[in-house]
Amino acid sequence: MRPRTALAVGFLGLVSAWGVLHAQRAFKEYPAIEYENFPIPPDFNTKTEWVRARLRYPDIYGYPQRRLQMRDGREFPGYWTMDYPRSDRHLMAAVRRLTRIDTRLAEQVTEFDHTDDVYNWPVLYGVEVGHWKLPDDQADQFRDYLARGGFFMCDDFHGDEEWSTFMNSMKKVLPGRAVEEIPDNDPIFHTLFDLDERFQVPGAQFFETGITYEKGPSGKVPHWRCIRDDKGRIMVVICHNMDLGDAWECADEPRYLEKWSSLAFRVAMNYFIYDLTH
Numbered sequence: 001m002r003p004r005t006a007l008a009v010g011f012l013g014l015v016s017a018w019g020v021l022h023a024q025r026a027f028k029e030y031p032a033i034e035y036e037n038f039p040i041p042p043d044f045n046t047k048t049e050w051v052r053a054r055l056r057y058p059d060i061y062g063y064p065q066r067r068l069q070m071r072d073g074r075e076f077p078g079y080w081t082m083d084y085p086r087s088d089r090h091l092m093a094a095v096r097r098l099t100r101i102d103t104r105l106a107e108q109v110t111e112f113d114h115t116d117d118v119y120n121w122p123v124l125y126g127v128e129v130g131h132w133k134l135p136d137d138q139a140d141q142f143r144d145y146l147a148r149g150g151f152f153m154c155d156d157f158h159g160d161e162e163w164s165t166f167m168n169s170m171k172k173v174l175p176g177r178a179v180e181e182i183p184d185n186d187p188i189f190h191t192l193f194d195l196d197e198r199f200q201v202p203g204a205q206f207f208e209t210g211i212t213y214e215k216g217p218s219g220k221v222p223h224w225r226c227i228r229d230d231k232g233r234i235m236v237v238i239c240h241n242m243d244l245g246d247a248w249e250c251a252d253e254p255r256y257l258e259k260w261s262s263l264a265f266r267v268a269m270n271y272f273i274y275d276l277t278h
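Residue numbers for the sequence shown, in this note's numbering: 1 to 278.
Honestly, I wouldn't trust all of these hints.
Unchecked claim - In silico lysine-lysine, BS3-like type, Cα no more than 30 Å apart, as pairs:
no.	residue 1	residue 2
1	K259	K133
2	K220	K171
3	K215	K171
4	K171	K259
5	K172	K220
6	K231	K28
7	K215	K231
8	K171	K133
9	K172	K133
10	K259	K231
11	K133	K28
12	K259	K215
13	K231	K133
14	K259	K172
15	K171	K47
16	K215	K172
Honestly, the hints are just simulated from the structure, not real lab data.
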């Protein structure tokens, strides 16, 4: 993999083409599965030209309708919070370092709640989508978000059962749309870095198991998949049988191999710049 020799991203006009921005919801931190009292970046309230948002969604275990408790007695905050906010903030630091995108170091959480807030954030990230369960009204707004030019990246789900759960909701969002493997020569793998050679990016479970896959034999093969719009532009990127979120999160963890985090960061940069230029 090699960086492209020139990076001239005319994303300002493309971001403004998203449409007239509505009032943006203020930055807010939420309780999370893994982290409490994680340091908030000093620029959390800075107005920048681009911010990647994290999707808050209901899941099959009842969040938020049914109150569950974690082993430590805390209320279960929902699978959407996996790796949050550490992975988000490591990723935003990489965006600053590897691109010319003007972004803050703090993430933004948004949801399909039938306000206009989600339309302020042209890139959404969904984690653990093998556990999500979108009601019809949220699926409808999600479809509208994508129709307006939104871009969605999902990650960290494994095996056939979680794929089936993911697709149960995705089929409501984009009924009839085909899911395809992204070919090596697709522009999305060649916007900033040439990524012809890719491999499975494992989660932190590797520390305990020593293996790079999860959920049995069906989780062994990594899939870089997508859904396209009517013009052939990729609007949904699907990282199945991988955990890029853990790779961002564990980038400063000596036990986690550099090659995994390096690929995860490069894939993200390509996806974001593809969205801004296509």
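Quick rundown of the hints versus the structure:
Restraint check for K259 and K133: the C-alpha separation of about 33 Å exceeds 30 Å, so the hint is violated. For the hint linking K220 to K171, the alpha-carbon distance of about 24 Å falls within 30 Å, and the restraint holds. Taking the CA atoms of K215 and K171, the gap is near 23 Å; set against the 30 Å cutoff, the hint holds. For the proposed pair K171 and K259, the alpha carbon gap of about 34 Å is over 30 Å, so the pair is violated.
Restraint check for K172 and K220: the C-alpha separation of about 27 Å stays at or below 30 Å, so the hint holds. Distance check on the hinted pair: K231 and K28 sit about 36 Å apart at the alpha-carbon level, beyond 30 Å; violated. For the hint pairing K215 with K231, the CA-to-CA distance comes to about 35 Å; that exceeds 30 Å, so the pair is violated. A C-alpha spacing of about 11 Å is found between K171 and K133, which places the hinted pair at or below 30 Å, so the restraint holds.
About 10 Å separates the Cα atoms of K172 and K133, which keeps this hinted pair within 30 Å; it holds. At roughly 34 Å between alpha-carbon atoms, K259 and K231 are farther apart than 30 Å, so this suggested pair is violated. This hinted pair checks out: K133 and K28 have alpha carbons roughly 23 Å apart, not beyond 30 Å. The straight-line distance between the Cα atoms of K259 and K215 is roughly 23 Å, inside the 30 Å bound, and the hint therefore holds.
Distance restraint check for K231 and K133: the Cα-Cα separation of roughly 28 Å lies within the 30 Å cut-off, and the hinted pair is therefore satisfied. For the proposed pair K259 and K172, the alpha carbon gap of about 36 Å is over 30 Å, so the pair is violated. Taking the CA atoms of K171 and K47, the gap is near 35 Å; set against the 30 Å cutoff, the hint is violated. Under the criterion of a C-alpha separation no larger than 30 Å, the hint pairing K215 with K172 is consistent with the structure, at around 25 Å.
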